[in-house]
Each structure stands twice: as C-alpha cells, then as structure tokens.
Amino acid sequence: MATTTTKTETFVGKRIRRREDPRLITGTATYVEDIQMPGMHFAVIVRSPHAAARIRSIDTKQAAAAPGVVCVFTGKDTKGVGTIPCGVAMPDLRVPQHHILATDRVYFVGHPVAVVVARDRYLARDAADLIEVNYEVLPAVADPEKALAKGAPAVHPQWPDNTAFTYHQEGGDVDKAFAGADVVVKQRIVSQRLVPMAMETRGVVAEWRSADRQLNLYTSTQIPHLVRTLVAGMLGLEENRMRVIAPEVGGGFGSKLNVYAEEALMGFVSMKIQKAVKWIESRRENFTCTIHGRGHVDYYEVAAKRDGTILGIKLKLIQDVGAYHQLLTPLIPQLSVLMMPGLYKTKNIRADIVGVFTNCVPTDAYRGAGRPEATHGIERMVDILASELKMDPVEIRLKNFVSKEQFPFATATGLMYDSGDYAAPFKKALDLVGYHKLRQEQAEARKQGKWMGIGISTYGEICAIGPSPATPAGGWESATVKIEPSGKVTILTGTCPHGQGEETTFAQIAADELGVGLDDILVLRGDTAIVQYGIGTFGSRATAVGGSALYYALQDLKAKIKKFGAMLLESEDVTLAGGRVICNKTGNSKSFQEVAAASYRALKLPPNTEPGLIATRFWEPSNFTFPFGAHIVITDIDGETGQVKIRRYVAVDDCGNILNPLIVDGQVQGGVAQGLGQALWEQAVYDDSGQLITGELMDYAVPRSHMMPWIENHHTVTPSPVNPLGVKGVGEAGTIGCSPAVVNSVVDALSPLGVRHIDMPLTPEKIWKLLSAKN
Amino acid sequence: MKVSGTYTLPVAPERAYQILQDPAVLAQAMPGCESLEKIGPDEYRMKMKVILAGLSGAFEGKVRITDQVSPSSFRLIVEGSGRVGFLKGDGLLKLSPRDDNTEVSYEGDAQVGGTMAAVGQRLIDGTAKMMIKKFFDKLAALAR
Amino acid sequence: MIAQKFEYTAPQSLNEALHLLATGAKPLAGGMSLIPMMKLRLAAPEHLVDLCTLKDLNYIREAAGELHIGATASHYEVESSPLLRQKCPLLAETAAAIGDVQVRNMGTIGGSVAHADPAADYPAALQALEAKLVLNGAKSERTVSAADFFIDAFTTALEPGEIIREVIVPIDDARTGTSYQKMPQPASGFAIVGVAARVRQSAGKISFVRIGVTGLSNRAYRATASEKALEGKSESPVEISSAAELVAQGIDANSDLHASADYRRHLAAVHAARALKTAISRIA
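Protein chains in written order, with the working numbering: chain E, 1 to 775; chain B, 1001 to 1144; chain F, 2001 to 2284.
The following block holds chain E by itself, in its conformation from the complex:
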C-alpha cells in the first residue's frame, strides 16, 4: 500500500519578497494618472488664496469662453450636491455645512471655489487663470489656542467661541489620586500639525456612462466601498449604479481614508458634461487641501508617589480641527484619550478634549491617528516624573507596567488590552544597547563637555480597528476566496492595501492553508464591482481583521474540498495535506486540481453540497488588538550648531505572530521614518493670517534616505487571542514608538542644563538656544 507523503513548501513566517514590488519599481503600475480614456477631459480647480473671506463675485465668462473649455462650475452650480460627510456621531458636535465648492465664504487657503473643465490639462490650467474672484478678506485665526482666546475672529460666524466639540472621560477616582500624591508633574506638550505627504498625490477620474446610467469613479483611496456609499449619496445616484475603483495607490497613511470634495465634484462634472473627466492634485494642492495630521496642544498632569508609582493622569487636549470636519476628524483625539495611560496600570484618569475650529485645512487620521500623540504625551511625562523623582527612567517604567499576569487587562479608559508582556521587548532593547555601559559612557562624555542622550519609549497602541459598535462605519472585514476549475485561487479582499503588502501576505496565508504554490494565488482588491463590500485599509487592520476573514473563508473551502475529495476517494476518512486530499486508510489521494475540476464538472455531488468552490466570510472582531514595544535611541548633539545626530536606533516591537518578517520590518522602518520626521524636521506652519508658509517640499523637510539612521529591527512575539492568526497589526507601531524615544533622548542629553521638555520638531536652532542659555 503506497502512502503518499508530500512535503510542500510553506510560506507564512518567511521573508518573502513582495509581489507588488516589481511593477512598482519598474514604473509599470497603473495609478489614477495613468488612466486614459477616449474623449477624457481635464479639470483644474480654482482655490481661495485667503484663509477667510466673503466671496463678493465670481466672473467666469472669460474662462468659459477660453479655447477648449467645455464648462465652468462654481458653488451655486453644485449647491444641490450633498455636503461632505463627517462620519462621527457625538453629542453636541457642531458640524458646519461643508459644500464641495465654496458658496458665499471661504474658510481656509485652498478652499475650492470653482472648477474649469477643458479638453486638455494645459487649456484647463490657462483658463483657470481667467477666473476672477472678488474677495472681501476677513480676519482669520490659525492657531487653536488663539482661536479659543477672547476676541478671536469667529471661523464660523454661528459659533463665535470656535468650539467644534468637547469631550469628557473619567476613570477611577482621579481627585483622590491627586490628593494623595507626593508629587504632581505638569507639562504642556505639542504634537504639531503634519502633512501626510503620500508620494502619489490624490487624483480622480470620473466616467459617467449615460447609456447605462452608471458612474465609474477611479480614485486614489483607502476605502473604495465607503467612498461609493457616501459619494453616491452625495450625488443622489443609486449606490449600485456607482463603481469605485482604487487603482494602484501610491501611499495614503490615513490621508486617503476619507471622502473628499473632488471625488463628488468629478462625479458631478462627468454627469453634467457626459464625458469622462480627470483631476490630478498638484503637490501644492496636496499641501493645502489634503488633510493634515496631529495638531494637538496637550496639558498633562501626572500624580505619583515618591517611590514612582503613578497614581493618576489628567489630560486637557486641545485639538486643532481646522475649518471643517472631514470623515473622522473628531474621532482622532478620542483615540488619544483611549491610549492615555499607555502601558501603565493606573486606573485613575480624567480627560477633556476641546475641538477648535481654525482657518486651516482640516485635520484627520495620519499614521497612528491619535496614538502617536498619546504615546508621546505619556512617555514624555514618565521621563519628566522620573527626572523629578531622580529615578532611572527604566526603573519607573518597569514599576508601573501592567504585568504579564494581568491580561486581558481592563484599562482606566475602558479598553481591554488583549495580551502583552511589556517587560520583554523592553529588557531586550536594554540588552541590545548595553544600557548600563551607555550610562557610564554618558557620564564620561559629560565630563568632556559632550552631549550624549539615551532615549526610551515603551509604547502600546490600539489597532486592528475594530469591534463594530466602537467604530463609525462597522469594523468587520470581508473576504471571498474562489477556486477555479483549473485549481487557481483568487482572493477578493474588502481591505484596500496600498503599500502594506497584503497582496503577498494573503497569498502566503492561502498557500499554506490550501497547500498550493504562491503563484497559484491572485489577490484582488479595490474594485467595488468585483469585491464584496469591505471597510478598507487603515488603523493597522488589513491583516488582523481582513486576514482573519480570509482565514475563515479558507476553512469553509477546505471543508468543501475535503467533501469532494472524500466523494472521489470513496472514503469519509480523509485528510487535506500538501495540496492533496489523502485517504488515510489506503493512502490514495486526489490533487487539488482534480478536486476543483470535479466540483465544477459535477458529474456527481456529495450529499447536500452545491457545485463550485467559493466562500465568502464577513468577520467581526471581538476586540481591538494592542501591539507594544520599546524603542531606544542614542543621540549625540553638536554643541556648536545644536544639530541632533542619531547614533543608534533600536526597535523591539511585538506585533503578535509575524507572517512575513520582511514586510513587518519594512512597516516598522517606514513608521519610524515618519516618526523621525515629526521629531526632528517636519511642521506644517500657518502664519497668523492663515497662509501655509511651509507650502512646498522646498521648506517642508520630509525625511529622505540620506537623513535616516540605520534601524535595528527586533521583535518579541506575544500572539493576540483576538483573531485566529494571532497577529496584532504593525503598520503604525513604528511611528507611535518613535517620537518620544527621540525627544526623550535629546532631553536626556541636555538634562545637565536643567532642560525638562522640548517641543517637536527638535530643530538645531531650538537646541542651540537651550545650549546658549546656560552661558
């Protein structure tokens, strides 16, 4: 009796190169800008150069008569289109009506005022210069604390206090905690406005097919299905007559987790002119009209005992909303509140958020979305507390960590941390850098007048968004797996990866489950006509939630394959292994392809079984997941110029099970790059009249490869019990862990001067001023 033992290669856990990369690095991927259609027209948008103004008049006659121009629209033409949605419901949330083109007033520099459509982009751009807008300039306010001050100009006249919302949350007994404290440390901490800066700017191609009454919308988005639902609603078009396609998307980082004016506007235009129309955002438009990230002014207070035990935390969070809400604007600071205790076990917290209108572009989700701010805050406060108590920053953290026996852990803010071992990555990082030797080296360096810093950040975060009751639009995710008669596998994921690598990792998962080769599997996403409803990619959820839906769909298919295999082998006692269905008694087997073909040929069917091999699952997570880790950053400061040089960057991250170490390391490195950008170089600066003065890459310093330190990636693995894959998500963790480690390092370096806190970005001039103050 022959027994068939098959040894098939497995893929999960291996450093497999991404299948996305060849087309990306050879320039053969199709982005929105690559889409060409016969008769396609081009749109150019005219935008307000003022942060606040009344529109007295718009003269479009010259533009409309310009060569090649087919139409010009202003706010009075688009008034019937629905307003841009804010997806967050909150008591007393003030939501200004956000029209796709300004109506009587403009509220931020870049506010769209008119659209010109012509047969080519050059003629459209020339005609845009012929539009005359007569503005009555009004006083503007661009800083949230100034907007809250008495006498500030009202951004929206109906709300002169410029308050968009307030939010309050308490846990435990914070007043008792503070009353019983030996020490209270207070600090104002700024997480500055940032430009997400996806390499591909936004873009839309709208194609209204009037004969079929269908609208195809190609858009660079992270959430194609949600865009379809919401934009169809805005246009008054039946949802199933709209198809949204996200082609290759060149980065999003949260800035494309949104519904933008231009998506509905291009739909409107195409429906009016009955032609396809394309709009591509310029880099300058991207700076001024795509959402910004962060924008916090946080006032922290931490109460503690003399032995370093943290008793309670108070936070007053001032969120710069901008002129309007975009999709998730009011939710982002709430995520900061949820994570305010970090990895520490205190149960006593009080948080108050004030969302403030300003004459600036709205803020919304940007890599980390509220959690970098929270981590930056608590990790800075822990260092400040350690310094106040003259305690080692390592000891104070170890003392206050939730210990590994305490999971699942109910936090002060109402979360349930799924699993964790906070000391493990921390100790690993300390070992890797040789912490105690470094402190000795630092003491020596100080004697020689050198400034060397050791910065620690032990972070936790909330991701794999999430249980549907806790999310604005549902937090489940979907997957369909189809096996063709030839045995080829196609996965349709409701997520919309745009650099996260699921085209590769999902193929790895399916290959291992089904026992087929990677090349037999195709992963599709981003087309609402092909893929079942999905929520999208954001919040480090695609693998944890989308991958779980995939996992369960694969189990359904495996069960059916076994049934067909059993029928073909005439035995119920079968195993699916190595891509074959094997009869355990006889050792006879059928290949995957034979079983697939049989399921479609349907010469014979197993009892109660339909032909075909397709499974769809919608998976609802029971909880978020909570990755964690420790980053340690060694810095040297040039005493003459104040420049900060990163000597060493060690990251020990725990994202649960690791499906592809190459992709995980890449995610951490990319996240750290953006964290470094915030810590050292980037800031979106508006002047007092609301002009964005860091409006081009000439003045806004995004980290580039020659500015990056080498990042040493390490991991611990604490699987998540929340999903069958045991993964926690890792897309944002690098950004979250990074900035406090860098700032803590520089403050540590300068601590002999009595420096206690420095706000980001740590420009050389800021550091130099601190160094010269001592003289």
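No lab work stands behind these hints: they were computed from the structure.
Keep in mind that the hints are not guaranteed to be accurate.
Restraint-style ranges between C-beta atoms, simulated for each label pair [claimed, not checked]:
#1 F:2262 - B:1103: 19 to 27 Å
#2 E:172 - B:1083: 42 to 50 Å
#3 F:2252 - B:1083: 27 to 35 Å
#4 F:2009 - B:1056: 43 to 51 Å
#5 E:145 - B:1072: 36 to 44 Å
#6 F:2173 - E:446: 22 to 30 Å
Note that the Cβ used here is the ideal one computed from N, Cα and C, for glycine as well.
We have chain E; now place chains B and F onto it with these hints.
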C-alpha cells in the same frame, strides 16, 4: 514677518516728511510702481510690477498714509494682489534730525500670501530689505 | 503645476543664442530654478533659448595658468572633474554640496551663478577664489570679478541680454588649503550658511586668507574682517576662532522660518572656524 531698520536721507526732516508723502515721488521711488492714482484723502490706487529672479508679477492695490504727526512720524500701508499672490506692508516711519539730514527709522510688518508665500517664505526678509533699500536710495536721489 | 505656453529654441550656435536673447528671449540652462517657477506660474517667459544644447559652452580646461569652466558644465561634472579635483578642489567640493543628486545632474554653474540665489553655494567659493566671470552679449564680451558680480539678492552685474559664458578660477599650488563648510536646510538643501575658506601658510604663520560666505544675507560676500584678523597670525585654535567670530561683522543677517538672524550669525562663525581649520589641515 517683522522688518525694521534706519536710513539717512540727505535733507531736513520737514522736507523729508513732505517728499515721503508726495505721491509723485512715491510712485517713482517704490520699486516696480507703475502708477499711483489718488482715490481719497491720503489713499491711492497702485499698480506695480515686481520682476525678481525670473518671477514677474503684476500687482494692483492700495497705498495709504495714516497716523500723521508732522514732521516726525506717519504710517505707510501698501497692499497689492495679483496672479502670483498678494503682499502687504504696514510700517511706522519716524523721522528725526541728524545734523542737516534726516534719520528715518521704520518698523513694521511684511506679509505675503498666495503662491509667492508658499515658495518664497525664506526670501521675504531679504527681499523686503532689498525693496526698502531701493526705495530709500531712489528717494534720496530724487530729494536732491 | 503647468507652465504657460512658451516658445523653445535649441540654438545652433552661441551667436544665434545671444541674438535671440538680445530680442528679449530668456536663457534656459539646467532649469532647476526656472522650471519650478514656471510650473507654479511665478515666471512666464515667452521664449526660452536652451543653452545646454550648445556643446561648446560645456568644458573644463586649463589655459594660461587658470582653469576655465564653460557655463553649462553641470554641478556633477564640476564635482567629478579630475582636473578640478586636483587643481581647484574648492570648486569641486562646493559643487558636491549643492542640493541633491538630481539637481547636480541637471543644474549648471552658469545658470546657478547667474541666478544668484542668496543661499546658493557657488558664490561663496567664487568669492574666496577671487574668480572671474566672462559675460557675453550679442555684441559684447567683458570680464567681471566675482566681487563686482554679486550685487544683491538675485541681482548681478549681468545686463539684459547677457549670459555668463565662462567661469575662471585660479590654480593654487599645493601650499594652499581650501574647504567649503555648509549647514544645509534639510528640505531644499540650500545653505542656511555656507563658508568657503582658502588659506596659505608661510614660516608658521597664515600668509593668505580668503573667506567667502553665502546664505547669511542677500548676497555672498568676502569676510574681509576675518581675513585681516587672521593674516599674519598663527594657526592656533584661539586665532582661528577669534577671526571666525568676525565673519558676520557689518552684515545685516536675514531671518526666515528656518533660522533667525542671530542663529545664522552664530552658524556663520562656527562654519568659518570649521572651514579655516579644515583648509589649514589640507595645506600640503
């Protein structure tokens, strides 16, 4: 952006005060100014063309003179807007005698908006200084 | 990001180019400053004459004891020229510090110097080298010293219709040490400050000092106060640092979102000291 500085004009303060408010003189001294047309008491419509470093922009706007304290101080406000953006200069000028000359000290704000602001931020200080110097140099030449 | 319509000519000869410029056309070299301005519609020349198609404007050669660099030599060509690295390392070192790889591949010495951005790198080196610039118009040719060429922000001695045809720099012997030290602005790579130093030593004393400074004010200048303070002194750190402290003397420093005037002045002194120290250490 705050701007400040001093310049010595080779005339007495009363004459300096007079020429600094004479639209015919201002029109010649202000760099790129093509015309100044009176539209009200101490208020003029201005047409200006700035050509610098390849940038060439036409501006239209206003020049206003306020807070006059003859012959020692007044405020000069210049506003202009055009395709490439808009600019606003608002300065307090103080005149004091220095031998037979007048020391003009100025302090104020220079603001730029629109496309110019997005790319020209780093140049505002230097450009404002250059324009102000050109203004005073020309004024000095006209004063003789 | 779309420029206005313009005429484009690739001239067959320098003469043809100069005649077109005399009628109001504008020169295009590497385009690293002009084209972004055109795309933003801050500049809208009606007719561009492409100087980079003229092969005989691109050369690096030695003649009559000096080095002649044609206007359309790219920064990369200047940076990597074996002749310049050997006989005028200051110029090669300065070119290597410009912008980034893409800018250096396209940008030209003539274009950059004619543009005279207050934060450009070459002008500091050209001042320290006491370079000469050969300017050509349709009917003229003249030579101007670097000291006379840089007048104000974006303002040079070029008359309408003139171009820089050639940059001339001296060949210093091995007893001259040079260095270019710069604090780059991290977004654009422009010099927040940049200092070029050129020194000679004789009998243990500094016998010759030239210091060119860019980025601090509206134009690159010679820091003559520092030069005079160091000439005839020893190369001790105290003397170097005292001389460096004078590098911004009498200069109205600019302020912007990247650096205040005070910080710029401080950086100028720091980079002057570094440039002098390094230059001295390179004296053979």
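Checked hints:
1. F:2262 - B:1103: 19 to 27 Å: holds, 24 Å
2. E:172 - B:1083: 42 to 50 Å: Hint violated: Cβ distance 59 Å, outside 42 to 50 Å.
3. F:2252 - B:1083: 27 to 35 Å: holds, 31 Å
4. F:2009 - B:1056: 43 to 51 Å: Violated - the Cβ-Cβ distance for residue 2009 of chain F and residue 1056 of chain B, about 20 Å, lies outside 43 to 51 Å.
5. E:145 - B:1072: 36 to 44 Å: holds, 38 Å
6. F:2173 - E:446: 22 to 30 Å: With a Cβ separation near 45 Å, residue 2173 of chain F and residue 446 of chain E fall outside 22 to 30 Å, so the hint is violated.
Against the hints set out earlier in the document, violations occur for numbers 2, 4, 6.
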